[in-house]
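Visitor: Counting with full-length UniProt numbering, you get residues 1 to 154 for the letters of the sequence shown.
The reader is advised that the hints may include incorrect statements.
Here are the simulated lysine-lysine pairs, DSBU-like style, with alpha carbons at most 35 Å apart [stated by the list, open to error]:
{"no.": "1", "residue 1": "LYS151", "residue 2": "LYS96"}
{"no.": "2", "residue 1": "LYS119", "residue 2": "LYS79"}
{"no.": "3", "residue 1": "LYS79", "residue 2": "LYS34"}
{"no.": "4", "residue 1": "LYS34", "residue 2": "LYS47"}
{"no.": "5", "residue 1": "LYS126", "residue 2": "LYS47"}
{"no.": "6", "residue 1": "LYS151", "residue 2": "LYS34"}
{"no.": "7", "residue 1": "LYS96", "residue 2": "LYS126"}
{"no.": "8", "residue 1": "LYS78", "residue 2": "LYS151"}
{"no.": "9", "residue 1": "LYS126", "residue 2": "LYS83"}
{"no.": "10", "residue 1": "LYS119", "residue 2": "LYS47"}
{"no.": "11", "residue 1": "LYS145", "residue 2": "LYS79"}
{"no.": "12", "residue 1": "LYS145", "residue 2": "LYS119"}
{"no.": "13", "residue 1": "LYS115", "residue 2": "LYS145"}
Quick list of simulated restraints, FRET-style, between CB atoms [what the hints assert, rightly or not]:
{"no.": "14", "residue 1": "PRO128", "residue 2": "PHE103", "range": "18 to 28 Å"}
{"no.": "15", "residue 1": "ASP24", "residue 2": "PRO128", "range": "38 to 48 Å"}
{"no.": "16", "residue 1": "PHE103", "residue 2": "PRO22", "range": "26 to 36 Å"}
{"no.": "17", "residue 1": "PRO66", "residue 2": "GLN124", "range": "13 to 23 Å"}
{"no.": "18", "residue 1": "PRO128", "residue 2": "PRO22", "range": "38 to 48 Å"}
These are calculated hints, taken from the structure and not from any lab test. Quantities reported herein were computed from a predicted structural model and do not represent experimental measurements. Ideal Cβ placement from N, Cα and C applies to all residues, glycine included.
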Amino acid sequence: MRLLLTLGMVLVATFSAQAEEPFDLKTFAQYYYKTMTATQAPNAGAKELETYLALLTDDVGSQHIPYQIDDSRTADGKKQMRKGMSFYLGAHTHYKSELLNTFIFNNSGFAIRYKNHAKGIHPQSKQPIEYTSVMMEVIEVENGKVAMIRKYHE
1 MRLLLTLGMV
11 LVATFSAQAE
21 EPFDLKTFAQ
31 YYYKTMTATQ
41 APNAGAKELE
51 TYLALLTDDV
61 GSQHIPYQID
71 DSRTADGKKQ
81 MRKGMSFYLG
91 AHTHYKSELL
101 NTFIFNNSGF
111 AIRYKNHAKG
121 IHPQSKQPIE
131 YTSVMMEVIE
141 VENGKVAMIR
151 KYHE
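Given these sequences and hints, build the entire structure.
Guide: Printed below as a string of structure tokens:
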């Protein structure tokens, strides 16, 4: 009887594990890019910001070379990102981005390379800004959420 019970539990566990859909990192990478760029749009608001932040772990780390060299993950990483991104939210009067490449690294991460062009008013200096850049973001993923973001300029 014990053997039958054990065998039954093994079969149920096996079929349950097979029924789960594997995490599609390529689809996630494209969705990440879409939600991240939506936060840069001229009409971006709290909704776009919170949609993006929902993709991140609470202790997300972020590094933007050469501006931010510390890549520490802290318990309030998402809270810090919300504060920093809220400051610049809606600063652009024009924003256009083009996804150039997506690279998938097994099930632990991805990189996106994109070109963007933006115009706007800097929220602190109130001076006009305009830039065009090619960016590479290398993203580490844990349990289906973004745990580390590393940004590089070409």
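Visitor: So if I understand the rule, the pair passes when the alpha-carbon distance is 35 Å or less; does LYS151 with LYS96 pass?
Guide: Cα-Cα ~18 Å, so holds.
Visitor: Next pair to validate is LYS78 with LYS151; report whether the Cα-Cα distance is within 35 Å.
Guide: The hint holds at about 16 Å.
Visitor: With the threshold set at 35 Å, check whether the alpha-carbon distance from LYS115 to LYS145 stays at or below it.
Guide: 24 Å, holds
Visitor: Is the Cα-Cα distance between LYS119 and LYS47 35 Å or less?
Guide: Judged against 35 Å, a Cα distance of about 22 Å means the pair holds.
Visitor: For the range 26 to 36 Å, tell me whether the beta carbons of PHE103 and PRO22 fit it or not.
Guide: Violated: the Cβ-Cβ distance is about 18 Å, outside 26 to 36 Å.
Visitor: Has the hinted range 38 to 48 Å been met by the Cβ atoms of PRO128 and PRO22?
Guide: Given a distance of about 47 Å, which is inside 38 to 48 Å, the answer is holds.
Visitor: So does ASP24 sit 38 to 48 Å from PRO128, Cβ to Cβ?
Guide: The hinted range 38 to 48 Å holds for ASP24 and PRO128, with Cβ atoms some 41 Å apart.
Visitor: For the range 13 to 23 Å, tell me whether the beta carbons of PRO66 and GLN124 fit it or not.
Guide: 19 Å, holds
Visitor: Given the hint that LYS126 pairs with LYS83, does the C-alpha gap stay at or below 35 Å?
Guide: Distance ~19 Å between LYS126 and LYS83 Cα, so the pair holds.
Visitor: Is LYS96 within 35 Å of LYS126, Cα to Cα?
Guide: With Cα atoms ~21 Å apart, LYS96 and LYS126 stay inside 35 Å; holds.
Visitor: Under the criterion that the straight-line Cα-Cα distance not exceed 35 Å, is the pair LYS151, LYS34 satisfied?
Guide: This hinted pair holds, its Cα atoms lying about 16 Å apart.
Visitor: Need the status of pair LYS34, LYS47: alpha-carbon distance at most 35 Å?
Guide: Answer holds: LYS34 to LYS47 is near 14 Å, not above 35 Å.
Hint check: violations occur at hints 14, 16; the rest are consistent with the structure.
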